[in-house]
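S.K.: For this one, chain S is given, so just place chains H, F, W, B and E with the ligands on it according to the hints.
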Amino acid sequence: MDLLSNFLMDFVKQLQSPTLSFLIGGMLIAAFGSQLQIPESIVKIIVFMLLTKIGLTGGIAIRNSNLTEMILPAAFSALVGILIVFIARFTLAKLPKVRTVDALATGGLFGAVSGSTMAAALTLLEEQNINYEAWAGALYPFMDIPALVTAIVVANLYLNHKKRREAEYASKQEFFGEQQDNRVKIWPIVKESLQGPALSAMLLGLALGLFANPESVYKGFYDPAFRGLLSILMLVMGMEAWSRLGELRKVAHWYVVYSIVAPFVHGLIAFGLGMVAHYATGFSLGGVVVLAVIAASSSDISGPPTLRAGIPSANPSAYIGASTAIGTPIAIGFCIPFFLGLAQTLGAQ
Amino acid sequence: MDLLSNFLMDFVKQLQSPTLSFLIGGMLIAAFGSQLQIPESIVKIIVFMLLTKIGLTGGIAIRNSNLTEMILPAAFSALVGILIVFIARFTLAKLPKVRTVDALATGGLFGAVSGSTMAAALTLLEEQNINYEAWAGALYPFMDIPALVTAIVVANLYLNHKKRREAEYASKQEFFGEQQDNRVKIWPIVKESLQGPALSAMLLGLALGLFANPESVYKGFYDPAFRGLLSILMLVMGMEAWSRLGELRKVAHWYVVYSIVAPFVHGLIAFGLGMVAHYATGFSLGGVVVLAVIAASSSDISGPPTLRAGIPSANPSAYIGASTAIGTPIAIGFCIPFFLGLAQTLGAQ
Amino acid sequence: MDLLSNFLMDFVKQLQSPTLSFLIGGMLIAAFGSQLQIPESIVKIIVFMLLTKIGLTGGIAIRNSNLTEMILPAAFSALVGILIVFIARFTLAKLPKVRTVDALATGGLFGAVSGSTMAAALTLLEEQNINYEAWAGALYPFMDIPALVTAIVVANLYLNHKKRREAEYASKQEFFGEQQDNRVKIWPIVKESLQGPALSAMLLGLALGLFANPESVYKGFYDPAFRGLLSILMLVMGMEAWSRLGELRKVAHWYVVYSIVAPFVHGLIAFGLGMVAHYATGFSLGGVVVLAVIAASSSDISGPPTLRAGIPSANPSAYIGASTAIGTPIAIGFCIPFFLGLAQTLGAQ
Amino acid sequence: MAKPAKKLVIVTEKILLKKIAQIVEDSGATGYTVVETGGKGSRNIRSSGQPSVSDTTVNIKFEVLTPDRVMAEKIADKVAINFFHDYAGIIYISDAEVLYAHSFCGPEGC
Amino acid sequence: MAKPAKKLVIVTEKILLKKIAQIVEDSGATGYTVVETGGKGSRNIRSSGQPSVSDTTVNIKFEVLTPDRVMAEKIADKVAINFFHDYAGIIYISDAEVLYAHSFCGPEGC
Amino acid sequence: MAKPAKKLVIVTEKILLKKIAQIVEDSGATGYTVVETGGKGSRNIRSSGQPSVSDTTVNIKFEVLTPDRVMAEKIADKVAINFFHDYAGIIYISDAEVLYAHSFCGPEGC
Ligand SMILES: Nc1ncnc2c1ncn2[C@@H]1O[C@H](COP(=O)(O)O)[C@@H](O)[C@H]1O
Ligand SMILES: Nc1ncnc2c1ncn2[C@@H]1O[C@H](COP(=O)(O)O)[C@@H](O)[C@H]1O
Ligand SMILES: Nc1ncnc2c1ncn2[C@@H]1O[C@H](COP(=O)(O)O)[C@@H](O)[C@H]1O
Ligand code: NA
Ligand code: NA
Ligand code: NA
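So the protein sequences, as listed, match chains S, H, F, W, B and E.
Take 523 as the starting number for the first sequence in my numbering and just add one per residue.
Take 523 as the starting number for the second sequence in my numbering and just add one per residue.
Take 523 as the starting number for the third sequence in my numbering and just add one per residue.
Take 586 as the starting number for the fourth sequence in my numbering and just add one per residue.
Take 586 as the starting number for the fifth sequence in my numbering and just add one per residue.
Take 586 as the starting number for the sixth sequence in my numbering and just add one per residue.
Here chain S stands alone, though its shape is the one from the complex (with noise of 0.2 Å):
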């Protein structure tokens, strides 16, 4: 009783924070039908400086610790990441009026990484000054890549399948050249997510960190902008998920569902994974709630453009409305604090 009590008032005084005061803000405007636009190459730049924020954090750690330390959260996050697309395979594609290339585009999207709620989550540990590792965020190509690779390669298996199968397809089979040769190449498509922007960013901050002296840039520049930035940020995902809330409307309303109860499935895995490198290798809660979080979370960014041109047939109102529209609110807004305050209980025990 007590005990959701505080976790009741805890959750408020979270929705408080600039972190999610804006997204709600976001979400308001929009539905009030405002005008205002934050320009795309602002979105972008923010985005690059985010993400260079945390690469950078993430390699000048790594510099001074001990590697052997994120080997077991760096498999946690990979597992996590296929694991999760199996779960839509086996949960979401067998719901009526799911297609099943439209269910793994959707898993692997929700399986893949948004840096801003990263981003998020890292702000709030950091505003509650709960510990964490710096190199946590360093995870996130670790979930990421696994989590869209399995989407893509399952989904083209699939498809391979069934066009052997079905004799009607035969004549038609010439036309999609690219998929005839039935095995799915994984290399191109790590390639394809290493090369997105996001993903750019961070390791490129990483490699500065890791390699040169970017120290007095990190102090002086990327690190005291963060929050701000953030926080134009949260704005516009809370703008963007209202506008996308429309598409969700033309597809099966099992979308909505699974988008509600998957962050806190994937986040709750992740948790548990999370504990147990916290019992055998000292991993730290912190750095368990930010392992939660980004399996909660849903890529926004750079797994869109990639499972569109992966899996051309899965209809992109599905997924990315999924994702968007309902994911990403869910995650940022409800998951960062559920799991907070799930670590901050264990913590005080």
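Wrong hints could be hidden among the right ones.
Claimed, not checked - Cβ-to-Cβ under 10 Å is the rule here; a few derived chain W residues that face chain H:
no. : residue
1   : Glu598
2   : Ile600
3   : Asp671
To be verified - As a list, the in silico EDC-like pairs of lysine to aspartate or glutamate whose alpha-carbon atoms are at most 20 Å apart:
no. : chain 1 : residue 1 : chain 2 : residue 2
4   : W       : Lys659    : W       : Glu610
5   : F       : Lys535    : S       : Glu737
6   : B       : Lys604    : B       : Glu658
7   : B       : Lys592    : E       : Glu648
8   : B       : Lys592    : E       : Asp680
9   : B       : Lys592    : E       : Glu621
Hints were generated in silico from the structure; no laboratory data involved.
Glycine is no exception: its CB is placed at the ideal position from the N, C-alpha and C atoms.
M.R.: What follows is chains H, F, W, B and E with the ligands alone, placed relative to chain S:
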């Protein structure tokens, strides 16, 4: 004598302030034909950040203040906004070669508020260490919306009236389906004003200041960037003013006279009403200056599209030219120092 | 031996500086095919802010300094700018497969100044605690404009001369109406240079520093943002250099040789003249480095369009390719550390 | 295989974007393509006071493929009558042949 | 002096930019002009998840002048067969006459 | 009601924007529409050294409606002779019919 020379020295000193000197710099480099361009996306994000900051300041202030203090200044703001339109109706519109709808649109724009001019005034007040109510920026919509609504309503009443009288318009009436219904609807105009990017940002900031805890991003991001961003915006305003001068040449010369005189007249009316509030409810002298400056200012961002849509038959070269090319530089370059000086003189007594 | 190993260690340390490491990072991620893009509007505002800041620094400095000190370095700047064009005329232009107009345009571009390279040099000087005259950045136009003017004038004299000689051009002459009048006008070229976005911003800053009181925005905005913004610009320069390499393949290989050697030669000439000023008028060693670096640099923003308009028959792939793909990375990555090291060695004696 | 069509082009002020899109959608056209453009005409008006020292593009250009001239003229008339008294604009049509389109070509295909 | 030509227009999703450019280049066309556009069609799909509360333009429009209808149709077929099953798009052609071009007109000139 | 016209299209380097606008204005055309485009041709030249890792559009495309072919060719000739020796570019014309225009149609109306 001494007063005047003091005033002039003060004036020169204020022209050297970053705010005003960037404005003048902008006019000079535009006059010189410089190819320098501040990209539109940058202008948009600067306007967003300035008005969000003004809103946040107001929201945080209102949380801790006695709102009844705001009633009188807010009522005076609305009164001034409406009055300015009628002044244009009975002065500018009566002048030779000036069409009534053009005069009304011009009055609406000069009654409405310029966020950048207000930002400049707040910065100069701080530089001169003159106190003002932190919620003063929140007076913006109380003057802006009534002015725009009045201009559009009066213009449409005028047009309807004219149409009914003039028999030769009868046959054309069916083309203007929207205006056939003789009642002018007010709520859509109010809504469109509120939805404009400048007011949306300010109200968003206000709401976040009131209901959330944005202090950390306010202190770490929005507040410290304010003056620097304003200097860039002032540069843009200066360049824009210069490049719009040409448009004014195409319309009646009376617009030039109006644009020079009106900011002072409007500002003085507001200053007088502000002094009433000063003696009645203790409204600060700094607040009186803010009130006078927003009256003297003319809208540069949200106002023009609202008027273009609301009074389509008015000539935008007339009202936008008058406001941007002359009204705004006069308001920023002359009215701000003038009302500041007035307040200082009164305060010193 | 010791000197060389010291020099090499210093060199590696400087490559690790934020400035140079972001440049290298940019080349690497472009080579890797990253989709990361820094939007053009962001690049424009960064260039504006860096050059305004350099101008402000200069303007504020000049206010309190003995301007006669500047005469000799400014004269040397102009001399070097002109000399570089003639060097190209009598070396690059004589090489096989190199057209004379292309060589002259290349010489003009290498004689002109890169604001970003200069910004990098100033930052590294500060990081190494080497003093330089605060007005050193103001040497920029004294080298930039003479170089561009000389290149355009000499190229047009050459073309006119060639036309008169070659009878078969006679019939076409009437098409090129503009060039029929055999005198090449200098003032329009100077004006176009001054109107370019980089020089405009710098001169604006200079004027504001001289005649206004911009200290508050300088200290609160332009100065603290400098290094961070520069790191982003360096990234862009690196990406741009890589993506332009392809263009160079289409033109004579001698451009590659020129672009590697010329920055050092130009820099050394300027360094030598700078040392003359050092002994004659006490020009600081840091100032000598600045002079050498602006000589070594080649214009990347204002120069190319000026040359494209002034010498239309020159092939932009040749001169822009040479400058952006090789000249700029050499100037930033090798010449800056080299001249810094040289000055430190001389200073230590 | 190709289906003859009319290509209707409307250039006008950006502020009318939504209203013209609505007219096109109401007309029964299967879609439209729209782009921001700069331009100069007899009115030379910018419809917004947006600070735009930059070379802002302030017109919009709609391109609408219609199956016949009648539909194109219907759209043109509606736009011109509603807006061209007060706003800058030009409308023209030309011939085209649609080779592929998802909804344009009807059940019998292009 | 003028050389008759076909103008092929392809409007489709931005994500296909490079692939379509490749098809056009392989076809032997001397060049292309491409612009970002907004638009609405039967699919109304945006091909990227890029946060784009702003009025992002998300389609691309290729314009390719070809010397004859055969080349235009070859490009159109290849684009449609490869992509229009899964991506939004429309393709049409119209007549044009090239007046000046660096490579279009062959040795005999336009 | 409609007035036959020629649509002249000029694609060339952005740096020539002002000069071509001047030629069009001097020709007596009632206006023009201009848009930034990307493109590829035989020259494949970018006219500015502006850092542009981003997918900068570096060409411009002018569209000019002229009442007859003579005016269109006059503009085309002037542009080609003045600039196409040194700058990338292509010029073509096609047929169009103007339905509505403020100044195009003369006193007798479209
Ligand atoms: N002759 C023309 N050719 C091409 N576009 C034109 C022409 N005349 C006008 N336009 C376009 O139509 C817009 C409005 O024209 P107007 O109503 O005459 O101001 C202009 O801004 C141009 O973009
Ligand atoms: N009737 C049309 N006229 C002009 N453009 C169209 C039309 N139909 C479709 N388009 C364009 O083609 C794109 C794809 O159409 P669709 O495949 O039907 O979604 C749309 O986004 C429009 O830009
Ligand atoms: N066949 C073509 N179809 C469409 N646009 C072309 C074609 N050829 C050239 N262009 C355009 O004209 C510009 C200049 O061409 P060029 O002078 O051949 O380099 C190119 O950048 C393209 O935008
Ligand atoms: Na995830
Ligand atoms: Na006002
Ligand atoms: Na140089």
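S.K.: Are the hints correct? Go through all of them and say.
M.R.: Here's how the hints hold up against the structure:
1. Glu598: 8 Å, holds
2. Ile600: Holds, about 6 Å.
3. Asp671: Since the shortest Cβ distance to chain H is 4 Å, the answer is holds.
4. Lys659(W) to Glu610(W): Distance ~12 Å between Lys659(W) and Glu610(W) Cα, so the pair holds.
5. Lys535(F) to Glu737(S): 13 Å, holds
6. Lys604(B) to Glu658(B): 17 Å, holds
7. Lys592(B) to Glu648(E): 14 Å, holds
8. Lys592(B) to Asp680(E): 12 Å, holds
9. Lys592(B) to Glu621(E): 19 Å, holds
Of the numbered hints stated above, none is contradicted by the structure.
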